[in-house]
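Visitor: Quick mapping for you: the protein sequence lines, in order, are chains A and B. All residue numbers in the first sequence are consecutive under our numbering, ending with 483. All residue numbers in the second sequence are consecutive under our numbering, ending with 483.
Everything labelled a hint here was simulated from the structure, so no lab data went into it. A few of these clues could be false.
Any copy will do: because identical chains look the same in the list, a pair fits if it lies in one copy or spans two.
[As the list claims (entries may be wrong)] Below, in silico cross-link-like pairs of lysine-lysine (BS3-like), each with a Cα-Cα straight-line distance of 25 Å or less:
1. Lys-100 - Lys-148
2. Lys-267 - Lys-79
3. Lys-127 - Lys-117
4. Lys-79 - Lys-209
5. Lys-209 - Lys-451
6. Lys-127 - Lys-259
7. Lys-439 - Lys-407
8. Lys-104 - Lys-470
9. Lys-117 - Lys-470
10. Lys-267 - Lys-470
11. Lys-470 - Lys-439
12. Lys-91 - Lys-104
13. Lys-91 - Lys-231
14. Lys-100 - Lys-127
15. Lys-209 - Lys-407
2 protein chains.
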Amino acid sequence: MPQISKKAEAMPESPIRKLMPYATAAKAAGKRVLHLNIGQPDIKTPEAVLDTIKNMDLEVIEYSNSEGFAPYREKLSAYYRSHGIPVETDHIMITTGGSEALTFAMMTCFNPGDEVIIPEPYYANYSGFATMAGVKVVPITAKIEDGFALPPVAEFEKLINERTRGIVLCNPGNPTGYLYTRDEVKAIGSLAQKHDLYIMADEVYREFCYDEASPFSTYNLEDVDDNVVLIDSVSKRYSMCGARIGALITRNVQVRAAAMKFAQARLSPPTLGQIAAEAALDTPQSYFDGVIEEYVARRNFAVKVLNDIPGVRCPMPRGAFYCIAELPIDDSDKFCQWLLESFSLDNTTVMLAPATGFYITPGLGKQEVRLAYVLEQKDLELAMRIIAAALEAYPGKVALTETHSASTSL
Amino acid sequence: MPQISKKAEAMPESPIRKLMPYATAAKAAGKRVLHLNIGQPDIKTPEAVLDTIKNMDLEVIEYSNSEGFAPYREKLSAYYRSHGIPVETDHIMITTGGSEALTFAMMTCFNPGDEVIIPEPYYANYSGFATMAGVKVVPITAKIEDGFALPPVAEFEKLINERTRGIVLCNPGNPTGYLYTRDEVKAIGSLAQKHDLYIMADEVYREFCYDEASPFSTYNLEDVDDNVVLIDSVSKRYSMCGARIGALITRNVQVRAAAMKFAQARLSPPTLGQIAAEAALDTPQSYFDGVIEEYVARRNFAVKVLNDIPGVRCPMPRGAFYCIAELPIDDSDKFCQWLLESFSLDNTTVMLAPATGFYITPGLGKQEVRLAYVLEQKDLELAMRIIAAALEAYPGKVALTETHSASTSL
Numbered sequence: 074m075p076q077i078s079k080k081a082e083a084m085p086e087s088p089i090r091k092l093m094p095y096a097t098a099a100k101a102a103g104k105r106v107l108h109l110n111i112g113q114p115d116i117k118t119p120e121a122v123l124d125t126i127k128n129m130d131l132e133v134i135e136y137s138n139s140e141g142f143a144p145y146r147e148k149l150s151a152y153y154r155s156h157g158i159p160v161e162t163d164h165i166m167i168t169t170g171g172s173e174a175l176t177f178a179m180m181t182c183f184n185p186g187d188e189v190i191i192p193e194p195y196y197a198n199y200s201g202f203a204t205m206a207g208v209k210v211v212p213i214t215a216k217i218e219d220g221f222a223l224p225p226v227a228e229f230e231k232l233i234n235e236r237t238r239g240i241v242l243c244n245p246g247n248p249t250g251y252l253y254t255r256d257e258v259k260a261i262g263s264l265a266q267k268h269d270l271y272i273m274a275d276e277v278y279r280e281f282c283y284d285e286a287s288p289f290s291t292y293n294l295e296d297v298d299d300n301v302v303l304i305d306s307v308s309k310r311y312s313m314c315g316a317r318i319g320a321l322i323t324r325n326v327q328v329r330a331a332a333m334k335f336a337q338a339r340l341s342p343p344t345l346g347q348i349a350a351e352a353a354l355d356t357p358q359s360y361f362d363g364v365i366e367e368y369v370a371r372r373n374f375a376v377k378v379l380n381d382i383p384g385v386r387c388p389m390p391r392g393a394f395y396c397i398a399e400l401p402i403d404d405s406d407k408f409c410q411w412l413l414e415s416f417s418l419d420n421t422t423v424m425l426a427p428a429t430g431f432y433i434t435p436g437l438g439k440q441e442v443r444l445a446y447v448l449e450q451k452d453l454e455l456a457m458r459i460i461a462a463a464l465e466a467y468p469g470k471v472a473l474t475e476t477h478s479a480s481t482s483l
Numbered sequence: 074m075p076q077i078s079k080k081a082e083a084m085p086e087s088p089i090r091k092l093m094p095y096a097t098a099a100k101a102a103g104k105r106v107l108h109l110n111i112g113q114p115d116i117k118t119p120e121a122v123l124d125t126i127k128n129m130d131l132e133v134i135e136y137s138n139s140e141g142f143a144p145y146r147e148k149l150s151a152y153y154r155s156h157g158i159p160v161e162t163d164h165i166m167i168t169t170g171g172s173e174a175l176t177f178a179m180m181t182c183f184n185p186g187d188e189v190i191i192p193e194p195y196y197a198n199y200s201g202f203a204t205m206a207g208v209k210v211v212p213i214t215a216k217i218e219d220g221f222a223l224p225p226v227a228e229f230e231k232l233i234n235e236r237t238r239g240i241v242l243c244n245p246g247n248p249t250g251y252l253y254t255r256d257e258v259k260a261i262g263s264l265a266q267k268h269d270l271y272i273m274a275d276e277v278y279r280e281f282c283y284d285e286a287s288p289f290s291t292y293n294l295e296d297v298d299d300n301v302v303l304i305d306s307v308s309k310r311y312s313m314c315g316a317r318i319g320a321l322i323t324r325n326v327q328v329r330a331a332a333m334k335f336a337q338a339r340l341s342p343p344t345l346g347q348i349a350a351e352a353a354l355d356t357p358q359s360y361f362d363g364v365i366e367e368y369v370a371r372r373n374f375a376v377k378v379l380n381d382i383p384g385v386r387c388p389m390p391r392g393a394f395y396c397i398a399e400l401p402i403d404d405s406d407k408f409c410q411w412l413l414e415s416f417s418l419d420n421t422t423v424m425l426a427p428a429t430g431f432y433i434t435p436g437l438g439k440q441e442v443r444l445a446y447v448l449e450q451k452d453l454e455l456a457m458r459i460i461a462a463a464l465e466a467y468p469g470k471v472a473l474t475e476t477h478s479a480s481t482s483l
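For reference, chain A alone in the conformation it holds in the complex (with noise of 0.2 Å):
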């Protein structure tokens, strides 16, 4: 039998879907699972892109250019300049997600054995986008106890040598929910700058900011035109994660150049996803206001339930629908796989993502987990009751004085 390769072995397993077989033995069981695992929000897709969708006139559903269509791509760079952000059409290509965007831009920009500095806790498929293109993550750690604010620029200027290329934010964050301000988007500005390193920028939670905060964007930056890749994804923004439509943007002409010739390959991203994208625009900013308004109140209340629990810590969120909790527990892996296999309430569970997968520095995010708040509020009371529950009876909780010391000593 032929071998698989090395990189195929070094891929990381998807930390958030690997309890996947467990919640499906729960359900099989007759059990209702609660998913505040996954960023799949609850909220509709705005009526006039589904509408868009049911009165399309195609004959043939054809490929579109490779970077896309150019009347979506128009449209698109109206959008990011109504939101401040000087994006011109031909800066925009069009990708399959901005999960392509991302595996594109780390192909383009990262030889094999290069290093990116990230901040941890991070998206964790970041790792395996930058497995595919042999580059090295060097996780830099922000710390729950500063509520995941950016670590200090003297701590990447230690990890960066001669093999460091880029860095990469995640504005807001996931898993954090963090929203960096403007002078941390600057402090990354301008070590990009000192050390010409690309910026790889995920904002795809842009429209997710709360009280009254809005995001600074890299591609504001002054000073660093060619080295800020802007990822973006319409799967959030407005609920069609299934549309797989993202976008790779930049002011870098070698870099766009470049990107094209893997676009080419691939020959189009998705027709029909892309037609939903571009009635997407046309999406009202009442329909925003009211998605703010929900997760605001479901942030609000998930957070205070969670820091009401003894021996929980939860910072509050600004941003995107995630937020990360420290919890009075030996293990997150075998908490979350414990919720679904052997607890329930009212025959009901719920299923959390272990931050483990968040973190690549080995033993962070054994007491931490990162909730979705993407439940709407009848059921986010019902999982909040249940982890209150689970946290009494979990045969690994730790006493609260553990769990101080722990988290301290991380």
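Given the coordinates of chain A, work out where chain B should sit on it, guided by the hints.
Guide: Coordinates of chain B only, in the frame set by chain A:
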């Protein structure tokens, strides 16, 4: 300014799309351009597919499973079995087009520096996928004077060394239209078994076989269960290239598990495309009968006209919707560009694909072009008149005797 990667530099430009600027200029100058250069059929997508999309009752366009929707995979396995190809549901991973299936397959099966043998001329994007995986393509030349039949096994044996890990086979073939016989496919199977090589079999043109020929799938080979990786796509079959739905199919459990890690990193194949592709499985045989009748008429016409032009040789293809023609010209790249820049008949010209893009052995294909007979009869007739007149007028035409000696010396 940070530099792009060596891989990005090495990525080939699409030879099919590189003439696009000349076509755009011709159109801007008011000329009509008949596209025989690309595999975008003019055939209508089946009604049932378009109706299904229009009647979707989704409220949220959600992710699917990373391996694709289960009902679609089940129905797809039934499709294969109805074609005598023993594919189980578990063998199937749905991908974003055949392109992604090839990317995942190459990354899963091959290490950087590994060699893969591909009969040339071959689908140019194989080079791109190989470059992405760091794999070296070793070409074995199929000759126009043999109608592009499989080169002798002894020639393959000469190319196999300790770095050889696989063979890519496209059947029926793009760009040649050649349909490998059962014996030829079995010869590849024996080679793969003897040297423990992967066979990556691109069988996306399965339905397009003519003259009562039928394709023999590599999946029906014996004794190489773990070696065969089948690549498929709905793009051509149902004329829905823009749906971006393909499949990676294998009995090899290790390859499946590894490919799933790549699939999880990109979350899910397109949801709307999968809905369309599942509906397409209900397409009645009468649709294919009509399509095949149309393609046979076009093929018979185009190949006859071409062979009637002095100095032109065009083997009769038995599959797909392409043919390769040898022309009495100095350089196919120059000729194709000249057609767009400097020639017209009735203010109309033709865009062809220079065959140089389908060979990697330097110098080959300079007197050959690929034609995709994807235009309706009336336009095809005009296109053929244009080609005949252009070959009279082209400044770089070569004398008949030159052509024949040149082609023999290839």
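Visitor: Now tell me, hint by hint, if it's right for this structure.
Guide: The hints, checked one at a time:
Taking the closest pair of Cα atoms, Lys-100 and Lys-148 come within 25 Å of each other only across two copies (24 Å); inside a single copy the shortest separation is 43 Å, beyond that limit. For the identical chains of this complex, Lys-267 and Lys-79 are inter-copy neighbours only, at 23 Å across copies versus 35 Å inside a copy, given an alpha-carbon limit of 25 Å. When the C-alpha separation of Lys-127 and Lys-117 is checked against a cutoff of 25 Å, the pair qualifies both within a copy, at 16 Å, and between copies, at 18 Å. For the homomeric pair Lys-79 and Lys-209, the shortest alpha-carbon distances inside one copy (15 Å) and between copies (16 Å) are both at most 25 Å.
Neither within a single protomer nor between protomers do Lys-209 and Lys-451 lie at most 25 Å apart by alpha-carbon distance, with minima of 43 Å and 56 Å respectively. For the identical chains of this complex, Lys-127 and Lys-259 are neighbours neither inside a copy (44 Å) nor across copies (47 Å), given an alpha-carbon limit of 25 Å. In this assembly of identical chains, Lys-439 and Lys-407 lie within 25 Å of each other by CA distance solely inside one copy; the values are 9 Å within and 63 Å between copies. Only within a single protomer do Lys-104 and Lys-470 lie at most 25 Å apart by alpha-carbon distance; the minimum there is 23 Å, versus 76 Å between protomers.
In this homomeric assembly, Lys-117 and Lys-470 never come within 25 Å of each other (Cα to Cα): the closest approach is 38 Å inside a single copy and 62 Å across copies. Taking the closest pair of Cα atoms, Lys-267 and Lys-470 never come within 25 Å of each other, the shortest separation being 46 Å inside a single copy and 57 Å across copies. Taking the closest pair of Cα atoms, Lys-470 and Lys-439 come within 25 Å of each other only inside a single copy of the chain (12 Å); across copies the shortest separation is 73 Å, beyond that limit. Taking the shortest Cα distances, Lys-91 and Lys-104 sit within 25 Å of each other inside one copy (19 Å), while across copies they are farther apart (56 Å).
Proximity of Lys-91 to Lys-231 under the C-alpha cut-off of 25 Å is found in neither arrangement, the shortest distances being 34 Å within a copy and 45 Å between copies. Within a single copy, Lys-100 and Lys-127 get their C-alpha atoms no closer than 33 Å, and across copies no closer than 32 Å, so neither meets the 25 Å cut-off. Taking the closest pair of Cα atoms, Lys-209 and Lys-407 never come within 25 Å of each other, the shortest separation being 28 Å inside a single copy and 44 Å across copies.
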